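Student: Listed below are the residues making up each chain.
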Amino acid sequence: MNYWLLIIAMTGVVFTSRYLFLEPKLPLKLSDEALRVLSYSAPAVLSAVIGPLVFTHEGALITELANPYLIGAVTAVVLMLLTKNTLLTAVLSMTLFLIIN
Amino acid sequence: MITPRTEIIRGTVDMIPLIVAVIPWGILVGAYGIESGLTGIETQALSLTVFAGTSQLVAIGMLESGAGFASILITTLLITSRHLLYSMAMRNDIKDLPFRWRSSLGFLLTDELFVNAQREDLSFNRWYALGGGFSFYLAWNLATLCGIVAGAFIPDLSQMGLDFAVVATFIAIVVPMVKSSSVLACVLVSTVVSIYCTVQGYQMGLLISIAAGMTTGYYTYQLRRRK
Numbered sequence: 387m388n389y390w391l392l393i394i395a396m397t398g399v400v401f402t403s404r405y406l407f408l409e410p411k412l413p414l415k416l417s418d419e420a421l422r423v424l425s426y427s428a429p430a431v432l433s434a435v436i437g438p439l440v441f442t443h444e445g446a447l448i449t450e451l452a453n454p455y456l457i458g459a460v461t462a463v464v465l466m467l468l469t470k471n472t473l474l475t476a477v478l479s480m481t482l483f484l485i486i487n
Numbered sequence: 008m009i010t011p012r013t014e015i016i017r018g019t020v021d022m023i024p025l026i027v028a029v030i031p032w033g034i035l036v037g038a039y040g041i042e043s044g045l046t047g048i049e050t051q052a053l054s055l056t057v058f059a060g061t062s063q064l065v066a067i068g069m070l071e072s073g074a075g076f077a078s079i080l081i082t083t084l085l086i087t088s089r090h091l092l093y094s095m096a097m098r099n100d101i102k103d104l105p106f107r108w109r110s111s112l113g114f115l116l117t118d119e120l121f122v123n124a125q126r127e128d129l130s131f132n133r134w135y136a137l138g139g140g141f142s143f144y145l146a147w148n149l150a151t152l153c154g155i156v157a158g159a160f161i162p163d164l165s166q167m168g169l170d171f172a173v174v175a176t177f178i179a180i181v182v183p184m185v186k187s188s189s190v191l192a193c194v195l196v197s198t199v200v201s202i203y204c205t206v207q208g209y210q211m212g213l214l215i216s217i218a219a220g221m222t223t224g225y226y227t228y229q230l231r232r233r234k
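Just so you know, the protein sequences line up as chains A and B, in that order.
Throughout, the numbering used here is defined as the position within the first sequence, counted from one, plus 386.
Throughout, the numbering used here is defined as the position within the second sequence, counted from one, plus 7.
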């Protein structure tokens with residue numbers, strides 16, 4: 387496979403998805419309803435990325451509680467709720483994860 | 008006083024926590040690229056031009072397992088389609104800016120920039136978004152470079168669990184967003200559905216989960232408003 391062609395094609399696909407609706411010539415009016423639905427996009431996306439990383443391994447569900455990803459994730463949630471500090475939460479939970487992994 | 012300069016600096020400073028958190032992730036992409044047989048230049052080119060962590064990681068993983076051109080591209084399309092939602096949500100703020108602004112901010116429109124530029128307590132400012140987006144771009148590419156260099160010396164660097172950086176970052180972003188029962192419902196449904204789809208091996212799993220989460224959030228909001 388030509389890797390450069392792949393890189394160029396991926397660049398095209400990703401940029402198009404990011405740019406498409408920023409284009410004013412695109413006829414599209416967003417209603418308040420649509421904007422309300424869209425306000426849930428970020429939490430939905432981020433959760434959908436986190437879920438499989440924490441609870442699955444190579445396509446199989448992890449049922450054990452002694453799962454470093456789960457322990458790290460719970461720690462991150464608790465730290466974030468307590469401290470409301472993004473940096474502290476990310477650094478501490480990553481450190482804990484690297485120690486127990 | 009608000010000037011372009013102060014806004015660029017403010018955007019950069021506000022991005023620092025996410026920049027720090029993305030470093031292990033960038034290192035992972037660099038090291039994994041080398042390990043999968045890409046050259047250093049190709050690995051760096053992915054970060055320089057594609058600039059999308061999840062797409063890059065998945066594409067590299069697919070290359071390693073011998074997937075073909077078309078299937079990698081289709082998977083990229085599925086993963087990146089969430090950015091359509093972001094550009095739709097930012098449309099009213101950005102569509103009337105000149106092309107150079109639209110294309111730059113579009114290119115820089117990652118999960119992280121979307122979250123920072125959309126914060127409820129701030130009204131949209133192009134310089135603020137540019138500062139955050141560009142500093143994040145620089146950090147991502149430097150971290151990739153570190154990964155490429157380190158990956159050449161340390162075997163199995165990509166097996167060390169650096170992908171937990173993704174989990175930690177996204178949790179730190181999501182938790183403060185959960186301010187209402189509708190967002191909570193959205194997060195829970197999206198998580199559970201994504202796990203189910205992964206276990207079932209659905210190619211469209213990410214999209215299905217996002218759609219389920221957003222729909223749930225919206226209808227929970229409607230239900231609560233009617234009461």
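By construction, these hints were calculated from the structure, which means they are not laboratory data.
Do not take every clue at face value.
As the list claims (entries may be wrong) - In silico contact screen, one side only, chain A against chain B (beta carbon under 7 Å); selected entries:
no., residue
1, Phe407
2, Pro413
3, Thr442
4, Leu451
5, Ala452
6, Phe483
7, Ile486
To be verified - Taking lysine to aspartate or glutamate and the DMTMM-like style, the derived pairs with C-alpha atoms no more than 25 Å apart in a straight line are:
no., chain 1, residue 1, chain 2, residue 2
8, B, Lys186, A, Asp418
9, B, Lys102, A, Asp418
10, B, Lys234, A, Asp418
11, A, Lys411, B, Asp21
12, B, Lys234, A, Glu419
13, A, Lys411, B, Asp100
14, B, Lys186, B, Asp21
15, B, Lys102, B, Asp170
16, A, Lys415, B, Asp100
17, A, Lys411, B, Asp170
18, A, Lys470, B, Asp103
19, A, Lys470, B, Glu49
20, B, Lys186, A, Glu419
21, A, Lys415, B, Asp170
22, B, Lys102, A, Glu419
Since we're looking at a predicted model, the values are computed, not measured.
Where is the CB? At the ideal position from N, CA and C, for every residue including glycine.
Student: Within 25 Å, alpha carbon to alpha carbon, are Lys470(A) and Glu49(B)?
Tutor: Distance ~38 Å between Lys470(A) and Glu49(B) Cα, so the pair is violated.
Student: For the hint on Phe407(A), just tell me whether its beta-carbon gets within less than 7 Å of chain B.
Tutor: Holds - the Cβ of Phe407(A) comes within 7 Å of chain B, reaching about 4 Å at its closest.
Student: For the pair we were handed, Lys186(B) and Asp418(A), check the Cα-Cα distance against 25 Å.
Tutor: holds (20 Å)
Student: Compare the distance between the alpha carbons of Lys411(A) and Asp170(B) with 25 Å, and conclude whether the hinted pair is satisfied.
Tutor: Judged against 25 Å, a Cα distance of about 39 Å means the pair is violated.
Student: Taking only the CA atoms, is the gap from Lys102(B) to Asp170(B) under or equal to 25 Å?
Tutor: Violated - the C-alpha atoms of Asp170(B) and Lys102(B) are around 34 Å apart, more than 25 Å.
Student: Is the hinted pair Lys415(A) and Asp100(B) satisfied, with a Cα-Cα distance of at most 25 Å?
Tutor: Judged against 25 Å, a Cα distance of about 13 Å means the pair holds.
Student: Does Ala452(A) pass the interface hint, meaning its C-beta sits closer than 7 Å to a C-beta of chain B?
Tutor: violated (15 Å)
Student: Does the interface hint hold: is Ile486(A) within less than 7 Å of chain B, judged Cβ to Cβ?
Tutor: Since chain B brings no Cβ nearer than about 10 Å to Ile486(A), farther than 7 Å, the hint is violated.
Student: So if I understand the rule, the pair passes when the alpha-carbon distance is 25 Å or less; does Lys234(B) with Glu419(A) pass?
Tutor: Status holds; Cα separation ~18 Å.
Student: Given the hinted pair Lys411(A) and Asp21(B), is their alpha-carbon gap at most 25 Å?
Tutor: Status violated; Cα separation ~32 Å.
Student: Given the proposed pairing of Lys234(B) with Asp418(A), does the C-alpha separation stay at or below 25 Å?
Tutor: holds (20 Å)
Student: At a threshold of 7 Å, is the proposed contact between Leu451(A) and chain B supported by beta-carbon distances?
Tutor: violated (16 Å)
Against the hints set out earlier in the document, violations occur for numbers 2, 4, 5, 7, 11, 15, 17, 18, 19 and 21.
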